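For this one, chain F is given, so just place chain L on it according to the hints.
2 protein chains.
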Amino acid sequence: MSDLPRKIDIQEEGPREGFQFEKGPISTRRKIELIDSLSDTGLREIQVGSYVNPKRVPGWADVEDVVAGIHRKPDVRYTVLWLNERGLQRALAAEGVFLKGSITTAASETFMKLNQNRGFEDNMKVQHNQVALYKQHGIKYFRGSMMAAFGCNFEGDVPISRVLEQTEVVHRIADENGVELDILSLADTMAWATPESIKRVVGAVRERWPDLRITLHLHDTRGLGCANAYAGLEMGVDSFDSSVAGLGGCPFAGHKGAAGNICTEDLAFMCAEMGIDTGIDLERLLEAARLAEDIVGHDLPGKVKWGGSLDALRAKLH
Amino acid sequence: MSDLPRKIDIQEEGPREGFQFEKGPISTRRKIELIDSLSDTGLREIQVGSYVNPKRVPGWADVEDVVAGIHRKPDVRYTVLWLNERGLQRALAAEGVFLKGSITTAASETFMKLNQNRGFEDNMKVQHNQVALYKQHGIKYFRGSMMAAFGCNFEGDVPISRVLEQTEVVHRIADENGVELDILSLADTMAWATPESIKRVVGAVRERWPDLRITLHLHDTRGLGCANAYAGLEMGVDSFDSSVAGLGGCPFAGHKGAAGNICTEDLAFMCAEMGIDTGIDLERLLEAARLAEDIVGHDLPGKVKWGGSLDALRAKLH
Chain F
1 MSDLPRKIDI QEEGPREGFQ FEKGPISTRR KIELIDSLSD TGLREIQVGS YVNPKRVPGW
61 ADVEDVVAGI HRKPDVRYTV LWLNERGLQR ALAAEGVFLK GSITTAASET FMKLNQNRGF
121 EDNMKVQHNQ VALYKQHGIK YFRGSMMAAF GCNFEGDVPI SRVLEQTEVV HRIADENGVE
181 LDILSLADTM AWATPESIKR VVGAVRERWP DLRITLHLHD TRGLGCANAY AGLEMGVDSF
241 DSSVAGLGGC PFAGHKGAAG NICTEDLAFM CAEMGIDTGI DLERLLEAAR LAEDIVGHDL
301 PGKVKWGGSL DALRAKLH
Chain L
1 MSDLPRKIDI QEEGPREGFQ FEKGPISTRR KIELIDSLSD TGLREIQVGS YVNPKRVPGW
61 ADVEDVVAGI HRKPDVRYTV LWLNERGLQR ALAAEGVFLK GSITTAASET FMKLNQNRGF
121 EDNMKVQHNQ VALYKQHGIK YFRGSMMAAF GCNFEGDVPI SRVLEQTEVV HRIADENGVE
181 LDILSLADTM AWATPESIKR VVGAVRERWP DLRITLHLHD TRGLGCANAY AGLEMGVDSF
241 DSSVAGLGGC PFAGHKGAAG NICTEDLAFM CAEMGIDTGI DLERLLEAAR LAEDIVGHDL
301 PGKVKWGGSL DALRAKLH
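So the sequence lines, in the order shown, correspond to chains F and L. Taking my numbering, the leading residue of the first sequence gets 1, the next gets one more, and so forth. Taking my numbering, the leading residue of the second sequence gets 1, the next gets one more, and so forth.
Be aware that a few hints might be false.
Given that identical chains are not distinguished, each listed pair holds provided it fits within a single copy or across any two copies.
What the hints assert, rightly or not - Here are the computed lysine-lysine pairs in the DSS-like style, where the Cα-Cα straight-line distance is at most 25 Å:
| hint | residue 1 | residue 2 |
| --- | --- | --- |
| 1 | K73 | K23 |
| 2 | K7 | K199 |
| 3 | K113 | K7 |
| 4 | K23 | K135 |
| 5 | K113 | K316 |
| 6 | K140 | K125 |
| 7 | K23 | K55 |
| 8 | K316 | K55 |
Everything labelled a hint here was simulated from the structure, so no lab data went into it. Just so you know, these numbers come straight off a predicted model, no measurement behind them.
Looking at chain F on its own, in the form it has when it is part of the complex:
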């Protein structure tokens, strides 16, 4: 019927996104509780913290304690985020985390200037030097990251040629440093994507770099999260970022905190019902989603945690 992949990988970003975004305070113990709960779901990768300035992101002031306190499962890759060399040093000091070197760019230079205070030229140099630093510290996994790949609040629609040009830049930086680009993340940072634009952009990148693995980072700010993920699946995309219960929020939209990343359990539900293997035990993931809601103390956007899974209904019937 289509090119749906047989199996996909989901990178769970809920804890990192959520505890950064939520006003809190949320105790270290409860952060660990959520991550441990997620470790029991079959998820193979969980982003568990952010080494950022505690003055700017008070929700991650306890990142060292969280990362030290989680009960690791051997089949789960625990990843972390950092934004500068100080953060990298702290991440390097942590035990049992998987470090991914990011080569970050954007399809909108305006967004990059606003978000990172530099243009494409400068960014190329910065990324080049960072990859050299990552390599020096023994990091072996490299993820290209294209922000605003489907449009930009400050630049509008972005041409596909820009996505291709910046993907070329990412490749060049990897090549010049003699490292392999493992995956390219196409991020719908400000929720401009539609199913059709997902197909166009993924198709254009795939046509030029047929062997490059693509992962989609989607936001549900305008309600198209799952539709966009489905369009990605139709294009054979087999890797997605998502957040349990829809934890986290998008800082760019004037919404009521209800629409951040696409929701892990809704994505996992859709895949399971279409016969796509995610490795996830949906009922356990729904428990984790309800736990997330309990921890933050308010409703979170994911739907299946309210609607219930179909397998639970099927089980009652037999």
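For chain L alone, coordinates are given in the frame of chain F:
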């Protein structure tokens, strides 16, 4: 790229669904205010009330006053719902409403027994007699309606052969009464559909009745509303029911009132961004969605009313 239609029709069901579902009380004046606001959006069809037992559905005790009080636009078709002959008589007495004769069945006999207290055999007779009655009253538009077309909480997955068999029954009832079947609604009554099952079921019905127009009635209980609508669009479906702001709720799921029908403005936004004409002025529809939220006095599930349209962002940039 695919069989996306160039233009689609949206049947707005928000007022009827919402004022039935909401605890209220909501004044007649405010109900009319929402319908009038929707009349200004370019929507070509709005379901404006339900002639039901006021003891069972107190939210529609004032249906006569609402229907009499709306300010009609010539390009808008105002439809109503009724469930029995008493309701039909009340609907017939109303001025300026477009009456659709429904030929209702389900792909799950268990659901039909629970919902309507009769099996397939009895239903066929009931529907046959109703169509005769509709014809006698001069009703010329007939909509087949297949509930639980994608699965059933009480029967589980339903075979496509059942959908085909019951579509055959609907055709037979129309034929025997010498009336034309204008459209067939495939309803995902209990939110069992996935994009792939939408394609399979629509494809199977289309294969057998290539000239039959199909409309999709989708619920967002499990977060797949827009993804399922997109799959329908990919199959060339050019007609959808939806509710402004996501008004209304699904009585079958243990959720927090957050997931009824798919949301009109999110669907209209997705279509507009993909170049599919809905006839709708999205900014006006977003105003109506915010008005709906104001009227019911709590958050409603639609996302674009929070996230904002992309055309509004584009306009700021130029």
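With identical chains, the pair K7 and K199 could be close in the same copy or across copies; at 25 Å between alpha carbons, which is it: within, between, both, or neither? Answer is both; intra-copy 19 Å and inter-copy 20 Å each pass.
For the identical chains here, do K113 and K7 meet the 25 Å Cα criterion within one copy, between copies, both, or neither? neither (37 Å within a copy, 39 Å between copies)
As a check of your reading, is K140 near K125 (CA-CA no more than 25 Å) within one copy, between copies, both or neither? Answer is within; shortest intra-copy Cα gap is 20 Å, inter-copy 70 Å.
25 Å Cα cut-off: does K113 pair with K316 within a copy, between copies, both or neither? between (55 Å within a copy, 19 Å between copies)
With identical chains, the pair K73 and K23 could be close in the same copy or across copies; at 25 Å between alpha carbons, which is it: within, between, both, or neither? neither (29 Å within a copy, 47 Å between copies)
Cα distance capped at 25 Å. Does K316 pair with K55 within a copy, between copies, both, or neither? Classified as neither; 50 Å inside a copy, 33 Å across copies.
Taking 25 Å as the upper bound on the Cα-Cα distance, should K23 and K135 be classified as within, between, both, or neither? neither (36 Å within a copy, 61 Å between copies)
Between copies, within a copy, both or neither: which fits K23 and K55 at Cα up to 25 Å? within (13 Å within a copy, 45 Å between copies)
Figure legend: structure checked against the earlier numbered hints; hints not met, in rising order: 1, 3, 4 and 8.
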